[in-house]
Amino acid sequence: MDINRRKFLKAGGVLALGLSIAPAKSVLAGVKGKYAPGPNALTAKNWAMVVDMNKLEKDVEACTMACHKEHNVPNIDNKKEEVKWIWTDKYGHLFHDNKHDFMNKEMEHRHFLALCNQCENPVCVRVCPTKATFKNKEGIIMMDYHRCIGCRYCMAGCPYGARSFNFKDPRPYIEEINPNYPTRTKGVVEKCNFCSERLAKGLLPACVEASTNGGLVFGDLDDPNSEVRKVLDTQFTVQRKPSLGTKPKVFYIL
Amino acid sequence: MLEKALIKENNRIFWYWILSLVVLVGVGFNSYLHQLDQGLTVTGLSRDISWGLYIGQFTFFVGVAASAVMLVLPYYLHNVKEFGRITVVGEFLAVSAVIMCMLFIIVDMGMPMRVLNMFLYPTFNSPMFWDATVLTGYLLLNIFIGWNVLEAESKGVNPPKWVKTLIIISIPWAVSIHTVTAFLYAGLPGRHYWLTALIAPKFLASAFATGPALLILICFLLKKFAGFDAGKKAIQKLALIITYAMSISIFMVAVEFFTAFFSQVPGHMVTLQYLFVGAHGYSQFVAIMWIFVILAVLALGLLIPRKTRENDKTLIIACIFVFVSMFIEKGLTFVIGGLSENPFGEITPYIPGIHEVLISIGIWALGIMIASLFYKMVVSVKRESDFANASFNKQEMRDC
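Sequence lines, in order, name chains U and G. Okay, so the first sequence: first residue is 1 according to this note's numbering, each after it adds one. Okay, so the second sequence: first residue is 1001 according to this note's numbering, each after it adds one.
I should point out that these hints are in silico values taken from the structure, not numbers from a laboratory. Note that the structure is predicted; figures quoted are calculated from it, not measured. Check the hints yourself; a few may be wrong.
[Said to hold, decoys possible] Across the chosen pairs, the derived CB separations fall in these ranges:
#1 U:GLY12 x G:ILE1316: 29 to 37 Å
#2 U:ILE177 x G:GLY1026: 33 to 41 Å
#3 U:GLY214 x G:GLN1264: 55 to 63 Å
#4 U:ASP144 x G:ASP1386: 56 to 64 Å
We treat Cβ as the ideally placed atom computed from N, Cα and C, and that holds for glycine.
Based on the provided sequences and hints, a complete structural model is requested.
Spelled out as C-alpha cells, the structure:
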C-alpha cells in the first residue's frame, strides 16, 4: 500500500480526534435517567444547616458516628492523617478569631460541631484545577473521587480545615463497610457532602437524623418559609470566619 | 546535534559524573515507587501542612526557570553583546528547571496517573490550570529556541527568523510563569502569610537573583571543567543584575515585617514570629531562618562593593550565598510557613520523611543530569565554532 508520511500523519490525526470525541459522546448519551434523583427526593435550591449546641449536646457523638458509618469514613488514629467529615472542637479553635483573653473558660473550651460549611462562595471550587470539587444545583459542594488528582490545593484554600486527604489506603481503617456508599482510594481528598446521596432517596442527612432533640436544623436557605429560615429569623446566629467572604451555610446558635 | 551530548569522547570524569547522577536518580525513583505504593503517608505532610518540600522546591525552580529572561532580554532587546555567548546556557538551564518543576508537581500528587485531568477538564478559574499551561508552554518555547539557536551556530549560520519571534514571546512568558505561580498562593483567604500582592514581585526579584547566581556558578564550572569561557564582561553584567535583584528581594522580605508588626494583626504576625523566633512553643525553623538572614546579608556585603564583586573568588562565594539563602526563604519556608498556622489557630510542625528527601534529591540529580548533557552539547558546538572563527580569521589575515 502506498502510504507516505503525510497520509500517515493525517490518519493519525483523525484517529486522535475520534478518540477524544468518543468519551464525550458516551457521557452525553448515558447520563439521563440512570443517576436521576428518586421520586421521593428531598430537593432545595440552597441547602443549609443551623447547629444549636444547647439542644445538640448529648447527641454529638451519635451524629458523628452516624455520618462516618454512613460514608465509610476511616478511623485513622493519627492527628496528621485523620479523615473526618464531621467532628467537634472547642470554641477557642473553631471561632479562634472571636475569642478574647477574659472569656468565660467554660465557653472557650465548650465543644461545637464542625463540618464542611458548604460555602455559597467556596474557595475550594475556585482553586480546583479539574472541577473534581464543584457546587451542585442544590448548593452542595460535591467531590468527584474519580476525577480528583490529589493536588490538595483545595486543602490549602479551605479556611475551615474541613477537607481530609487520604494519605494511605483508607479501607483497612473502616470497621464495617457500608455497601451503599463508595469507599475511597489513597490519594484523593474527601469531605462532608450534606448527604446528597440520602437526600436523593428522600432521607435527611445522617447527622440530622441522629440529632433527636432538634439540635440540627436542615432546610432550604432560599425558601423564606423553611425551618432553617425561621430559626435564622428568630434567633441570634453566627458563622465561622464570615469576614473571609466565603458565605458559610452552616450557622451556629452559641 | 544530539550526538554531541551523547558521543563518548575521551572524557572519563564527565561520564563518572553522569553515572553518579544516574545512581541518585535511581535511588529517588525507588523511593518514589515506595511512595506510589504506600501513599503520601511516607512523607512528613499532614492535614495541616498539606504542601511541603515538593511544592516549595517546585516554587523555587519556577524562579530558576524564569531567570533565563535576564540573559535573553538584555541581549535581544538592548543588544548587550556580552550575553550572546551564554543565552543558550540560560535557555537550557530553564529547560532543566521546568522539567524539575513538573516532576516536583507530579511527585506531590496523590493521583499522578490522573495528571492529564488538568487538560481534559480545563478549569479556567483555577490558578493551577494556568500554571500547568504556562509552564508547559515555557518548556516548549525554551526547547525550540535553545535547540535552534545552537543548531544554527553549529552550522555557522544565523538562526531562522521565526526563532527570533519565539524569543520575543519568551520574555513576557518568563514573567508569566512566576506570576501565575505566585497567584497559586496570593489569593487564598485565611492564609495571611500568602495573602499579599507582594508575592509575585517578590518571587520575580528573588528569581532574578537566584537564577543568574546559578548561571555564574555554572559558567565558572564550565570554564574549569570544559574550557568554555563565558567572558569576564558577561559574568560582571550578571553580577550587577544579581546585586540589584538581591537587594530588591531582601527589601521585599523586610517590608513584610513592618506591615505585620506595625499593624499588630495577629494573623499577619504569627508566621513571621514562628519562622524567626518561634511561636506557640514551636521553633523548628528559627535556626534555618537566621542562616538565611546571615547568608543574605553576607551576600549583599560581597556584591555591593565593587572590589569584591569584581573578584572571581568573592563573587563565587556571594553567588553560593545568594542561591542558598533564597532557597531557604522561598524553597523551604515560604510554602511551609504559610500553612504552619492551621485554620484553628494552632501551629503544626513539619519534618520531611526520608523518602520525601530522597525523591527530592533524585529530581535534583535528574535536573543536573539533563543540564550537564545539554552543556556538553553547548560546549562542543561552541568549541567548533570558535575554532572555525579562529581559522577563518587566520585565513583573512593571510589574505591581507
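Now the hints, each set against the structure:
1. About 51 Å separates the C-beta atoms of GLY12 (chain U) and ILE1316 (chain G), a value inconsistent with the hinted range of 29 to 37 Å.
2. For the hinted restraint 33 to 41 Å between ILE177 (chain U) and GLY1026 (chain G), the CB-CB distance of approximately 39 Å keeps it satisfied.
3. The hint said 55 to 63 Å for the Cβ distance between GLY214 (chain U) and GLN1264 (chain G), and at roughly 43 Å that hint is violated.
4. Taking the beta carbon of each, ASP144 (chain U) and ASP1386 (chain G) are about 58 Å apart, inside 56 to 64 Å as hinted.
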